[in-house]
Each structure stands twice: as structure tokens, then as C-alpha cells.
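Build out the structure end to end from the sequences listed, making use of the hints.
Counting from 255, one number per residue, gives the positions in the sequence shown under the numbering used here.
Calculated directly from the structure, the hints in this document are not laboratory data. Check before you lean on any hint, since a few could be wrong.
As the list claims (entries may be wrong) - Calculated cross-link-like contacts (lysine-lysine; reagent style DSBU-like; alpha-carbon spacing at most 30 Å): (1) K484 <-> K294; (2) K411 <-> K288; (3) K566 <-> K505; (4) K505 <-> K455; (5) K386 <-> K356; (6) K386 <-> K434; (7) K505 <-> K379.
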Amino acid sequence: MKEHIGITGIGVYLPDNIMTAEDIANETNGCWSKEAVAEKLGIVGKRIPGENDGTQEMGVKAALNALENSKVDPKDIDVILCMGEEWKEYPLTTSALYIQDKIGAVNAWGIDLQNRCCTTVSAMKIAKDMLKSDDTISTIMIVGGYRNGDFVDFTDKSMSMMYNLSAGAGAIILESGKNKNLLLGSHIIADGSLSRDAGVKIGGINEPITSDNINQAYKSLTLMRPNEMKERLNDVSMDNWFKCIDQALEKSNLERSDIDYVAILHFKRSMHHHMLDLLGLKEEQSIYLEDYGHIGQVDQILSLQLGLEAGKIKDGSKVLMIAAGIGYVWAANVISWGA
Numbered sequence: 255m256k257e258h259i260g261i262t263g264i265g266v267y268l269p270d271n272i273m274t275a276e277d278i279a280n281e282t283n284g285c286w287s288k289e290a291v292a293e294k295l296g297i298v299g300k301r302i303p304g305e306n307d308g309t310q311e312m313g314v315k316a317a318l319n320a321l322e323n324s325k326v327d328p329k330d331i332d333v334i335l336c337m338g339e340e341w342k343e344y345p346l347t348t349s350a351l352y353i354q355d356k357i358g359a360v361n362a363w364g365i366d367l368q369n370r371c372c373t374t375v376s377a378m379k380i381a382k383d384m385l386k387s388d389d390t391i392s393t394i395m396i397v398g399g400y401r402n403g404d405f406v407d408f409t410d411k412s413m414s415m416m417y418n419l420s421a422g423a424g425a426i427i428l429e430s431g432k433n434k435n436l437l438l439g440s441h442i443i444a445d446g447s448l449s450r451d452a453g454v455k456i457g458g459i460n461e462p463i464t465s466d467n468i469n470q471a472y473k474s475l476t477l478m479r480p481n482e483m484k485e486r487l488n489d490v491s492m493d494n495w496f497k498c499i500d501q502a503l504e505k506s507n508l509e510r511s512d513i514d515y516v517a518i519l520h521f522k523r524s525m526h527h528h529m530l531d532l533l534g535l536k537e538e539q540s541i542y543l544e545d546y547g548h549i550g551q552v553d554q555i556l557s558l559q560l561g562l563e564a565g566k567i568k569d570g571s572k573v574l575m576i577a578a579g580i581g582y583v584w585a586a587n588v589i590s591w592g593a
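What follows is the structure, given as C-alpha cells:
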């Protein structure tokens, strides 16, 4: 039973504030219409942070939601793997430890992990491996908040792929020795040649914030090599994604035809439909996050919760999670929901 790693809790926090397709269109100064934002980019609305919605604080709220939903005692948590973003209340503070204190997980140690929008799927593999290999660890919480949309300059035409960046937080609890909601196979592929093709340009060691660039700095999430990045992604992205999917399924002793539901990150509408077509799935076997935007690595947790609430995931369902993160990383895992 130690080998059986199951999901025993899910939590989500979403800010109340919403940025609509019309709001986004207005921010682009007419470059994009409301209709194009909604239909092509697939953003009917997205969540934006409120006054107290810091990355770490949102993580606390998602963690508490997961504890409430699961009835897990925070004192039983052994490890907190924080997948929250580096853009947080105070740089160089450890988000996992802030969350540990706020939720009363006094017996847990914690560490921050970062794989951009792949972090949740990557952290789930790490958590499973830890739970299987260390007898002193039986419960791990993966948790974190996201609000990278703060850095988006809507007048930057090359950034339309990131207009959907949203805000929120998610948490997922994994325990060993369980016989339901089992995490099966995972697979991850990275291509470091894309490691600096996208990122926040100003604010690090190479280009510090100064009095001259401060206004630009806080809107400097950009594609640093847009043409090279797009060409490289066109060459390798879909192949790498499906290698991850097929390897995760093979490790789970399953095939594509066994998939009942897929938790997909938010991207443009045509890409969502294309991915479903390639997997041989129907639209009702997923949820398109057009009312939420792209909450980075929270997307898979949110989709899992929405799928359960909508009755799309039932006992016996085989759930595929897929993710991709700038850097560039592709990942997939498989969950067998129910007993």
C-alpha cells in the first residue's frame, strides 16, 4: 500500500475581481477587438488580484480550502512543496514556510519549487517519488499562488500569448498508502535552449531597476527572442507534449483511448480544440478555462476541481493532466479517480 499515492484533498482560491475581454481589448489600444480576445484568444474574462491577494497569501487561502475539503489535520502534513511563483510579497522569502506557519502545519518542512507553468505537474511527480522512497513522509501538500499577469504590457504586440495571465492559487494533498484517486505515471521533457527566450527583462542582476526604467520594469515580462522562440516551439512543442502524454500513459499501463478527462492549461481556443482532436476526445471531456484565464501552474488543479463539480470526472475516470512552462518544459501525468 505504501506504493499507492492518492489525492486526498484539493483546494482553490480565486480573486473576486474580473478583467473582461472588453477590458483587455481597451488595454491593447485597439490592436485587439473584444470579439477577437474572446473568440481567438479564448478570454471571456480572467481573474485579477485584489488588495490582499499576494502570491503567498493566496496560497494560504487555497491550502486552507484543501484542508477544509479533505478534513486532513495540518499537523499531519510532513512536507509542503510550494509551486507558487517568484513574484510574491517579499523577494527571497520562502513561500512554503510562510504557508506552513499560517495553516498550522507545525510538523512539516517546506521548500519552494519552480518550473513555471509546469510546476504543479512536476511537483506531483516529485511528491510521489518522495512518498514512495521515504518512510518518514506520508502526507505532502503541493500549494501556491500566481499573479504574473501584473507584468503584462498589453501594448506589446508580441505578448498576446500572455494576455490571458490571471491570478489565483491552488493546493493538492497527496498521501501514501491510499486506495483511491491514485497518481499513476508522469513524464517531463525540457529544452534548455529556450531558457531565456521569455521572462521579466528588468529587475534582475543583468538589468537592475533604476530610476530611469522603473515604470518599464514592472511591465517587462516579454519575449526576448520572439522569432527564435516561436520557430523552435513550432518544431518541437507538439512532439514533446505527446511524448510526455504517451510516456505517462505507458507508465500507467494505459492508452489514449482510456482517457476520460483531460485537465488542460488555458491557451488560445483553436489550440484547445486541436489538442482534444489529437487525443481523440470530445469537448465535454475537458473544461475550457475561458472564464478564468491562465493561472499558470494552478490551471490543472482548477480544471480537476471544475471537472469534479460538473460531474465530468467520476469514480473510475482516468484523468490526464498536461502542462507546459516557459524555459521550456512539457509535462503530463495520469490520475485514476475513485477507488
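| message | Checking one constraint from the list: CA of K386 to CA of K356, max 30 Å. Satisfied? | response | Given pair K386, K356 holds - Cα atoms ~27 Å apart, limit 30 Å.
| field | Restraint status (C-alpha distance of K566 to K505 at most 30 Å) | value | holds, 24 Å
| field | Satisfaction of hint between K455 and K505, Cα-Cα up to 30 Å | value | violated, 39 Å
| Is the straight-line distance between the alpha-carbon of K411 and that of K288 30 Å or less? | holds, 15 Å
| task | Could you grab the alpha-carbon distance between K484 and K294 and see if it respects the 30 Å cut-off? | result | holds, 18 Å
| said: Hinted pair, alpha-carbon criterion (30 Å max): K505, K379. Please report holds or violated. | reply: Answer holds: K505 to K379 is near 12 Å, not above 30 Å.
| task | Below or equal to 30 Å on CA atoms is what counts here, so check K386 against K434. | result | holds, 16 Å
Hint compliance for this structure: hint 4 alone is broken.
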